[in-house]
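S.K.: Throw the hints in and build the complete structure from the sequences for me.
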Amino acid sequence: MSRVFANPTNLFLLTALAMLAAFPWFGESFYVGLVVRIMILGILAMSLDLLIGYTGLVSFGHAAFFGLAGYLLAIVTPETGPVSIWYALPVCLGGAALAALVIGWFSVRTSGIYFIMITLAFAQMLYYFFNENMELGGSDGIFIFYKPSVAIGDFQILDLGDHTTFYYFVLVSLILVYALLRVILNAPFGQVLRGIKINEARTQALGFSTFRYKLASFVIAGTIGGYAGFLEATHNGIMSPDFLGWHKSGSIMMIVILGGIGTLWGAVVGAFAMVFLQDWFQELTTHWLLLMGGFVIFVVLFLPRGIAGLVESFSAFLTRAVSRASDKDAP
Amino acid sequence: MDLTSFLIQTMNGVQYGFLLFLVASGLTLVFGIMGIINLAHGAFYMFGAYLVFWLTNVSGNLFLGILLGLPVMLVIGFVIERFAISFLYNRDHLYQVLLTYGLILILNELQKILWGSDFYSVPIPDILKGSFPLTENQDYPVYRLFISFVCALVALGMYGLISRTKLGMMIRAGASDREMAQTLGIDIGRVFAIVFSFGAALAAFAGMIDAPVSSVYPGMGDQILIVSFVVVVIGGIGSIKGAFIGAMLIGLADTFGKVLMPDLASMAVYGTMALILMWRPQGLFGRA
Chain C
550 MSRVFANPTN
560 LFLLTALAML
570 AAFPWFGESF
580 YVGLVVRIMI
590 LGILAMSLDL
600 LIGYTGLVSF
610 GHAAFFGLAG
620 YLLAIVTPET
630 GPVSIWYALP
640 VCLGGAALAA
650 LVIGWFSVRT
660 SGIYFIMITL
670 AFAQMLYYFF
680 NENMELGGSD
690 GIFIFYKPSV
700 AIGDFQILDL
710 GDHTTFYYFV
720 LVSLILVYAL
730 LRVILNAPFG
740 QVLRGIKINE
750 ARTQALGFST
760 FRYKLASFVI
770 AGTIGGYAGF
780 LEATHNGIMS
790 PDFLGWHKSG
800 SIMMIVILGG
810 IGTLWGAVVG
820 AFAMVFLQDW
830 FQELTTHWLL
840 LMGGFVIFVV
850 LFLPRGIAGL
860 VESFSAFLTR
870 AVSRASDKDA
880 P
Chain A
18 MDLTSFLIQT
28 MNGVQYGFLL
38 FLVASGLTLV
48 FGIMGIINLA
58 HGAFYMFGAY
68 LVFWLTNVSG
78 NLFLGILLGL
88 PVMLVIGFVI
98 ERFAISFLYN
108 RDHLYQVLLT
118 YGLILILNEL
128 QKILWGSDFY
138 SVPIPDILKG
148 SFPLTENQDY
158 PVYRLFISFV
168 CALVALGMYG
178 LISRTKLGMM
188 IRAGASDREM
198 AQTLGIDIGR
208 VFAIVFSFGA
218 ALAAFAGMID
228 APVSSVYPGM
238 GDQILIVSFV
248 VVVIGGIGSI
258 KGAFIGAMLI
268 GLADTFGKVL
278 MPDLASMAVY
288 GTMALILMWR
298 PQGLFGRA
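Chains as they are written, first to last, in our numbering: chain C, 550 to 880; chain A, 18 to 305.
Everything labelled a hint here was simulated from the structure, so no lab data went into it.
Model, not experiment: these values are computed from the prediction.
Treat the hints loosely; a few may be bogus.
If you want the footprint, here are the derived chain C segments under chain A, 3+ residues with CB under 8 angstroms [claimed, not checked]:
hint : region
1    : 599-612
2    : 659-670
3    : 713-721
4    : 835-846
The C-beta atom is built at its ideal place from N, Cα and C for all residues, glycine as well.
M.R.: In structure tokens form, the structure reads like this:
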């Protein structure tokens with residue numbers, strides 16, 4: 550345990566987590582809502598980091614699973630009352646997993662640029678499906694009037710309509726998803742995924758069916774992305790095709806890079822940085838997209854390892870400084 | 018569907034296919050030769066349409082508008098290659114996707130600043146107005162035939178340029194082996210700049226010539242970009258021949274999809290892609 554605290558990066562993360570846990574006690578309700586949205590984005594970005602940062606699959610259609618699950622929640626929620634989470638959640642996650650299985654089956658057998666374009670094309674296919682489906686509100690989107698109920702029998706366990714309850718529901722989800730992904734990545738399964746990223750041919754030569762591993766990784770990421778979509782739809786109360794458009798996929802990818810690929814926690818930090826940056830740009834000018842575009846280019850050219858890269862360099866610097874200081878103390 | 022309307026739809030499909038080819042060929046060339054995935058390619062198409070709208074208003078003539086607009090687009094392409102794309106050679110596709118995504122944000126916003134978010138239309142020149150009668154109540158507009166004709170000429174010209182000229186030889190050499198081409202004394206940086214600006218101008222030209230048929234509106238580049246990606250993937254990345262066949266396939270699939278099953282037309286395009294990829298994951302003419 551003491552080794553966990555010895556690493557400055559971990560200290561930084563634990564402090565950030567403590568601040569998140571305490572935030573509803575002193576934050577204004579507008580910002581509490583904003584942080585909920587950011588944490589949901591963080592979950593989504595972490596699931597994409599599993600693909601980009603650990604498996605080496607640059608998926609450009611990740612918003613598809615996010616939006617699909619959100620739409621599924623809209624479909625299973627009746628107009629007259631809430632839907633039970635025990636029914637809605639499996640439907641949303643199952644739908645996202647199934648879509649990821651089908652899309653992944655086609656796409657993971659390709660690599661590089663083909664993979665990028667094919668995932669993009671499939672996501673657009675879903676986008677147009679929802680955009681042109683008038684029963685689901687077409688391009689205007691569809692309302693979700695009731696948040697899912699969390700109850701056993703008549704006994705209500707959680708009221709997701711309550712802002713503070715929902716905040717902690719999302720925060721716990723964020724932590725659990727992080728833990729789940731860490732467990733997956735530390736397991737032999739995760740080692741194979743890293744192997745695929747570094748050298749797929751060699752991993753195959755070691756006897757692993759890389760197709761199956763990549764497909765499994767794609768389905769896991771899609772399902773978690775779907776979970777984020779479920780949370781977002783519950784939070785927002787509206788679902789529109791924009792949630793699965795390619796601008797959404799692009800911005801999630803940007804979040805992963807900005808935070809730092811292949812670190813998981815970087816994805817969450819990236820989500821915070823991105824949303825606050827966007828807020829700031831929007832205050833500066835109505836043409837904020839110009840600034841955002843410039844910033845994206847800046848990150849690609851000068852900050853390819855993202856914020857996590859900065860934190861880790863700084864943390865390594867601190868560790869070295871501390872050990873040098875203790876060397877001096879020793880006679 | 019009777020024979021005449023079948024013929025009309027086929028011609029529409031071919032015409033759309035030609036337009037797609039102009040956009041997709043630039044995309045596939047830039048990837049095949051430079052190894053760059055360029056998301057901003059659709060924005061070039063959009064800029065072409067806006068440029069021709071503006072320059073046609075100024076000069077009073079569509080052809081003049083196109084003639085004035087093309088050099089502008091060549092310059093824009095050149096500047097973007099020098100100041101953004103050239104940093105991306107030999108970098109991971111991920112960063113290429115992101116940087117060109119940033120370029121889209123900038124170009125789309127510039128379009129809004131310059132021309133606003135209204136829809137515009139560009140008039141068809143007088144000599145190309147009217148239509149050929151096919152039966153008593155069906156006819157085919159002259160301008161659409163003109164589009165197909167001009168695009169076919171451009172496609173032929175491109176084929177000639179790449180297979181018959183010295184520049185074409187340099188381009189092909191760069192595509193098949195960059196280092197070797199460099200060793201033989203080809204200034205590959207210059208070839209890249211030429212190919213990129215040329216591709217940008219091709220996409221813009223497609224936007225210009227199509228402007229009188231479809232209207233000019235914000236975000237028009239996004240849609241064509243995605244469809245062009247499908248074309249490139251079907252044809253095999255880097256293959257001009259593949260881009261041509263892919264463009265025709267998608268042009269026809271989209272047009273007939275819209276007629277036969279209007280609700281699912283855009284799905285028809287992606288369905289075609291999925292079928293072809295099941296059969297050949299590297300595309301029709303792609304190198305595995």
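S.K.: Work down the list of hints and note, for each, if the structure agrees.
M.R.: Status of the hints after comparison with the structure:
1. 599-612: Our answer is that it holds, as 3 residues pass the Cβ test (under 8 angstroms) against chain A, meeting three.
2. 659-670: holds (count 9)
3. 713-721: Per the Cβ count (0), the hint is violated.
4. 835-846: Coverage by chain A holds here, the residue count being 9 at a Cβ distance below 8 angstroms.
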